[in-house]
Structure formats: C-alpha cells, structure tokens
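Q: Residues per chain, in single letters:
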Amino acid sequence: MSAKNHKLFILRPGDKFEPLNLVLGENYREEITFLVLPGVTAEIDLNAELSGAGAEVKIRGLFLCCSDEKVSIRTNIRHSVPSTSSSQLICGIAGGQSRASFAGRIVVVQDAQKTEAIQTNRNILLSDSARIETHPELEIYADDVQCSHGATIGRLSEEEQFYMRSRGIPEGEAKILQMISFLAPVLEGREDKEALMQQIEKSLRQMV
Amino acid sequence: MEEDKIIKEFTSGEYKQGFITAIEQEYIPKGLNEDIIRMISARKQEPQWLLDFRLDAFRRWQKMPQPKWGHLKLPEIDFQDIIYYAAPKKDSERPKEIDPELEKTFEKLGIPINERKALAGVVAVDAVFDSVSVATTFRKSLAEKGIIFCSFSEAVREHGDLVRKYLASVVPAGDNFYAALNSAVFSDGSFCYIPKGVRCPMELSSYFRINAAGTGQFERTLIVADEDSYVSYMEGCTAPMRDEHQLHAAVVEIVVEKGADVKYSTVQNWYPGDAEGRGGILNLVTKRGICKGEGSHLSWTQVETGSAITWKYPSTILKGDDSSSEFYSVAVTNNFQQADTGTKMIHLGKRTRSRIVSKGISAGSSQNSYRGLVVMNPGADGARNFSQCDSLLIGSTCGAHTFPDIRSNNPTAIVEHEATTSKISDEQLFYCNQRGISPENAVALIVGGYAREVLAMLPMEFAVEARKLLQVSLEGSVG
Numbered sequence: 001m002s003a004k005n006h007k008l009f010i011l012r013p014g015d016k017f018e019p020l021n022l023v024l025g026e027n028y029r030e031e032i033t034f035l036v037l038p039g040v041t042a043e044i045d046l047n048a049e050l051s052g053a054g055a056e057v058k059i060r061g062l063f064l065c066c067s068d069e070k071v072s073i074r075t076n077i078r079h080s081v082p083s084t085s086s087s088q089l090i091c092g093i094a095g096g097q098s099r100a101s102f103a104g105r106i107v108v109v110q111d112a113q114k115t116e117a118i119q120t121n122r123n124i125l126l127s128d129s130a131r132i133e134t135h136p137e138l139e140i141y142a143d144d145v146q147c148s149h150g151a152t153i154g155r156l157s158e159e160e161q162f163y164m165r166s167r168g169i170p171e172g173e174a175k176i177l178q179m180i181s182f183l184a185p186v187l188e189g190r191e192d193k194e195a196l197m198q199q200i201e202k203s204l205r206q207m208v
Numbered sequence: 001m002e003e004d005k006i007i008k009e010f011t012s013g014e015y016k017q018g019f020i021t022a023i024e025q026e027y028i029p030k031g032l033n034e035d036i037i038r039m040i041s042a043r044k045q046e047p048q049w050l051l052d053f054r055l056d057a058f059r060r061w062q063k064m065p066q067p068k069w070g071h072l073k074l075p076e077i078d079f080q081d082i083i084y085y086a087a088p089k090k091d092s093e094r095p096k097e098i099d100p101e102l103e104k105t106f107e108k109l110g111i112p113i114n115e116r117k118a119l120a121g122v123v124a125v126d127a128v129f130d131s132v133s134v135a136t137t138f139r140k141s142l143a144e145k146g147i148i149f150c151s152f153s154e155a156v157r158e159h160g161d162l163v164r165k166y167l168a169s170v171v172p173a174g175d176n177f178y179a180a181l182n183s184a185v186f187s188d189g190s191f192c193y194i195p196k197g198v199r200c201p202m203e204l205s206s207y208f209r210i211n212a213a214g215t216g217q218f219e220r221t222l223i224v225a226d227e228d229s230y231v232s233y234m235e236g237c238t239a240p241m242r243d244e245h246q247l248h249a250a251v252v253e254i255v256v257e258k259g260a261d262v263k264y265s266t267v268q269n270w271y272p273g274d275a276e277g278r279g280g281i282l283n284l285v286t287k288r289g290i291c292k293g294e295g296s297h298l299s300w301t302q303v304e305t306g307s308a309i310t311w312k313y314p315s316t317i318l319k320g321d322d323s324s325s326e327f328y329s330v331a332v333t334n335n336f337q338q339a340d341t342g343t344k345m346i347h348l349g350k351r352t353r354s355r356i357v358s359k360g361i362s363a364g365s366s367q368n369s370y371r372g373l374v375v376m377n378p379g380a381d382g383a384r385n386f387s388q389c390d391s392l393l394i395g396s397t398c399g400a401h402t403f404p405d406i407r408s409n410n411p412t413a414i415v416e417h418e419a420t421t422s423k424i425s426d427e428q429l430f431y432c433n434q435r436g437i438s439p440e441n442a443v444a445l446i447v448g449g450y451a452r453e454v455l456a457m458l459p460m461e462f463a464v465e466a467r468k469l470l471q472v473s474l475e476g477s478v479g
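Residue numbers (the numbering used here), protein chains in the order written: chain G, 1 to 208; chain X, 1 to 479.
These aren't lab readings, by the way, just hints derived from the structure by calculation. Be careful, since some hints might not be right.
[To be verified] Straight-line distance between alpha carbons at most 30 Å, and here's what the computed DSSO-like set of lysine-lysine pairs gives:
hint	chain 1	residue 1	chain 2	residue 2
1	X	Lys73	X	Lys344
2	X	Lys350	X	Lys263
3	X	Lys44	X	Lys68
4	G	Lys70	X	Lys350
5	X	Lys344	G	Lys70
6	X	Lys73	G	Lys114
7	X	Lys196	X	Lys145
8	G	Lys70	X	Lys68
9	X	Lys344	X	Lys319
10	X	Lys423	G	Lys58
11	G	Lys114	X	Lys423
12	G	Lys58	G	Lys175
13	G	Lys202	G	Lys16
14	X	Lys350	G	Lys175
15	X	Lys258	X	Lys140
Based on the sequences and whatever the hints tell you, model everything.
A: Okay, structure coming up:
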C-alpha cells in the first residue's frame, strides 16, 4: 500500500530542529517542508534512506536571515534499492552578518538502478558581510540513473528592480516582490501555500 | 582524412627531433633525508638559496600528514623506499621488446615506429631523438624574441634571478603534502618566460625542449608571462607512457601578468595499471596559476586518460581586476582507475570571470570524481562564475561523483553550478548498431560528441590525437 506523509516545520526564534532520520519502505512517500524565519540560528539535519522500490522523498526548504543568524542545512539522501526517487529544493536569502550553509548529499548505491534524484539550492546574498556556502554532492555507483544538482549564489537583479521602479513601484516594494517570487517555488503545490506565503511576506517586510 | 594525415605528420615530425640529453650514470641511494637533498642539490650544482628552499620544504613536509580527503583508495606509499634522484635505466634492465598489447595501442594512435621503442622503455629516449637541428632552429627563433624556454636546471644556472623571483610564488613550498615533497626533491622540469608584449610564435611543448628526457617523477614547471604577452603551452603526450616510477608528484606554477594570456593544455596518459588494477602510476599533481594583473587570462585544458590514481586540481587565483580563467577537462577512467580531479577558482579582483566545464567518463570498475572550489572574496565585486560538470557512466560497476564547494562573500557576485549524471542509453547504441556502426565505434562517437566542447579547446596538434585516445581508453567497456 502506498502511504504519503507530510511534515511541516516552521522555525521561529528560539526553536530547535531535532535531526530527522527517515527510512522509507516500499512505495512510501514522504514530503518535508521547513521554513526558517528571520532571527533563527539553527542546524537542520535531514537524513533519508530509500530502502523500498517506489519510495519517494521530497524536501522543500527556505531560510531568511537578516542579522547575525547562523543557519546550516544538511541533507543526506541514500538510494539503496532500484526505482526510488528524491527531489530537493532549498532557497535562501542572507542579509546582515548572517552565515548560511547548505551541504546536500545524494548517494546512489550500486545496483540502485532507475533512481531519480534532483537537488537544487538557490541563494541570494543581500549584504556585504553575509556569507553563503554550498556543497551539493553526488555519489553515484549505478549507471541507469538520472541525477542532477544545481546550486547558485547571486543577488536580486537590478534590471528587474529598474523595470518595476520605472513603472512606479518603490524600490523596497520591488525587492519584496523579487524575494517573494524567488521563494514561491518552495511552496508550490501546497494547499496552504497562500497562508504560508503571507507569513513569509510579513517576515520579509520586517527584514527590508 | 587528408587533413588528419597532415596534422599527424606535422606533429610527429617535430616530436622526432630536438632531444639532446647528456646522460651520466649517477646513483643516489634510496630514502629521503636532509643529506639526500644536499646530495641532489650538489649534483645539480645549485646555488645556496635553492638548497635552502629545498631544505625548508623538506622540514615542512616532515610535519605534514598525508592528505586522506580524496575519494580515492590510495595504497600505502613508503617514502623511504623511493630513489629520489633516479639515474637513467641501464640497457640491461630494459625489456627486450615492446609488449604486444602496447604495440596494438601504438598502432591505433598512429605513433611512428621509431618512437614506439622509446615510449615503451625499450630504448633510451636519446637513442631515438638524435637530430638537434630542429631544436636549434626553434631555440634561435625563440631567443630572437627574448623568450626563455629551457630546462629548470638550466634556468637556475642562467636566469637565477628570474627563477628566484617567481619560484614558489604561486605554490608555496608548504602548500600541501605532495607540493612540499616536490619542492624538496624536484629533479628537473621546464622554465618558460615570455617578455613584455611578446606573442610567442609557436605552441611551446615540452616535446621540443632540449634535455627534457628523464625529468623523472618530480617535475617542476614554471611559466611566467610578462605584461601583454601570449603563450600556448602544451604538456604531456597522447602515447601511453610506461615509467618505472610509481609515484609522480609534479608542480606547475603559472604567473600571468597584466594583460597577458596563457593557454595551458595537457594530455595525460600514464600507465593506468593492467585490467585487474595491478600497478599503474600514482599521479599526484599540484597545478596553479595566478592572474596577477588587470585583464590577464589563463585557460586550462586537460584530457586525463591514464594513471591508476589521478589527484589533480589545476587552479587559478584571479587577483587582477577584470581577469578571467577557464577550466576545460575530460577525465576518462576505465578498469580499476581512480580519478579525483577538478579545479579551484579563487576570485579576488573586481569583475573577474571564470568558467568550468568538466566532463567525466567512467567505465569498468573505475571511480571518477569531480571536486571543485569556487570562492568569491569580499573584494570580488561583480565577479561571475559558471560551472558545468557532467558525468557519463558506462557499465553498472563504475562510480561517478561530484563534490563542488561554493562560497560567496560578496552580494554582487554570481555563482552558478550544475551537474548531471547520465549513461549511454540502449536506444542510442541500438540506433547506431542498426545503421551498421559497431558498438565500439558507437561508444566512441557518442563520447566524442559528449566531450566535444572540451576537445575543441585543445590546440590542433592535440585535438586529433585526443579523440583517438578517448576511443582507445574506452575499448572493451561495452558489449
């Protein structure tokens, strides 16, 4: 029987994240979403082993840092049998003197054919003294697999800002719109997307 | 193809000639200590500063642990069991004839018959390359332009000040375990200096260099391109190289001054060990360049097919504003080979740009890793990096891994990295087979297309041979 499980973690100042260790059996599907709001220093540690055919894990995460937070995110996905899939999308914004790091690892063991694994990590730096590090890792010992990862660190596009400002949107508002559109894909497909986005927008407004 | 033929004749023509090697039978006992280093330095009649440099490096090396972070199964190396100043092989120790397997490979690569013996170690290199005329002509035309291109030992004697100024300015003596070892015991290597505003009229290759033979396992290369100069430097050889030394720890340093442009290409095809993974060269190399001045440019292109173990990260420090660097790599592993290779791009200057294109191909039971570092320092305003790492897997027992490390300390810098892993699909093979292309040729065709972006960056002399080399390296991996 297939089973699907959703987990949602919203981290507010003072919250801790207990390391998560999952073992997913046959046709078991798990979706984990975490939101790290401004003012949170946390270590997020997610480990998942896909040990039954048809198992699927989906990780969605975002973090917002604006002062001196330290956020470190570690994901470790192990595909140990054939025909499993994983997907990860983690987006983050770092301002102030914050430090953010992402270390994502995907291991596909030998004979775990027909594995599908996607990992994406996108980051935006807002200030001169914020730092972001990313280490996406792929370790693949099987050949009939589709695995990819992508990582970017960049800034809010000035052209986009100019476009909006030339149409009468103030700079601060333009930045908020940019950040919302940058983070929105993380919550795509969720029923409570609107409500969560409102919370994030509120945090963004406090940040800017 | 007519063009291929001309290219081959042209390259092999130059290759044949220009070696003069004064071989003296010298003997230094096994092991490594300060006395051995003093002995090496004395034999080479080096000045005091160079001996001090070696001793300093040795003292640092003694305190260093052997690095273990690579995704490699490295055999134990007994550093006291190595002869650090190897005398050329005696004729009696040489194999009597070329290994038939090797002969077949030479055939496929189109290596001229008289060169095969030297490459297989049946005769000494100088027994084949006896004419000096071409080399002298080269040297003359280079000297007219003020270009210095000679062996490292010669450079120490004739251009001591230049060597002293730039030696270890990019790779310090204590940089890492193997670089420190090399700094302590390096045997010889190449030195190249291009003066201000000079465009080197030919592609410099370590083939041409006089006394290049027998530089041994601890090679040291130093390339200095002064302001607004240009040079294209090629190292290595597409022919399979047999060598009695198991451990190779080379250092390459490149200094690129303001407005200068250096293109460094290398093809590495050291003996990879037999099909069961016995033997083979351990290639543990430190290569680094610095784009020192404004608008300088350094490009690395490498094709790695040999060695049992490859541990190599050609890197660039982008110090000058508006400087740029590229890294193009094809690394092929088959049987039980292991490769942990990639690059480092350290952005310091404003508007510096770098691009990384790495294509890994693993077959058999090999392990192939890309490891890279991209750093944007606080001063690197508007810097830009793009990395693309693709892995191609052939067979179900090999491994392909990607370990990038990206750090940004500047909000105006943009870094992008992407990696994919795929295999040659049955459909692709079927399509080719159906049209009468044998499985081996089909693999060669697909791999050739996959690696084209990198092969296109090689100088013409290398590109033609490199394509064939890929095919030879992957033989027997399918069907």
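Q: Next, verify each hint and record whether it holds.
A: How the hints compare with the structure:
A threshold of 30 Å between alpha carbons decides the hint, and for X/Lys73 with X/Lys344 the separation of about 22 Å falls inside it, so the pair holds. About 22 Å separates the Cα atoms of X/Lys350 and X/Lys263, which keeps this hinted pair within 30 Å; it holds. Taking the CA atoms of X/Lys44 and X/Lys68, the gap is near 33 Å; set against the 30 Å cutoff, the hint is violated. Restraint check for G/Lys70 and X/Lys350: satisfied, since their Cα atoms lie roughly 27 Å apart, inside the 30 Å limit.
This hinted pair checks out: X/Lys344 and G/Lys70 have alpha carbons roughly 26 Å apart, not beyond 30 Å. With a CA separation close to 27 Å, the supplied pair X/Lys73 and G/Lys114 stays within the 30 Å bound. A C-alpha spacing of about 10 Å is found between X/Lys196 and X/Lys145, which places the hinted pair at or below 30 Å, so the restraint holds. Using a Cα cut-off of 30 Å, the hinted pair G/Lys70 and X/Lys68 holds, with the two alpha carbons roughly 29 Å apart.
The hinted pair formed by X/Lys344 and X/Lys319 meets the criterion: a straight-line CA distance of about 13 Å does not exceed 30 Å. A threshold of 30 Å between alpha carbons decides the hint, and for X/Lys423 with G/Lys58 the separation of about 24 Å falls inside it, so the pair holds. About 11 Å separates the Cα atoms of G/Lys114 and X/Lys423, which keeps this hinted pair within 30 Å; it holds. Taken as a hint, the G/Lys58 and G/Lys175 pair is honoured in the structure, with Cα atoms around 29 Å apart against an allowance of 30 Å.
For a cut-off of 30 Å, the pair hint linking G/Lys202 to G/Lys16 stands: about 22 Å separates their Cα positions. Annotation: proposed proximity of X/Lys350 to G/Lys175 holds, straight-line Cα distance about 25 Å (limit 30 Å). For the suggested pair X/Lys258 and X/Lys140, the alpha carbons sit about 27 Å apart, so the restraint of at most 30 Å is met.
Consistency with the previously given hints fails for number 3 only.
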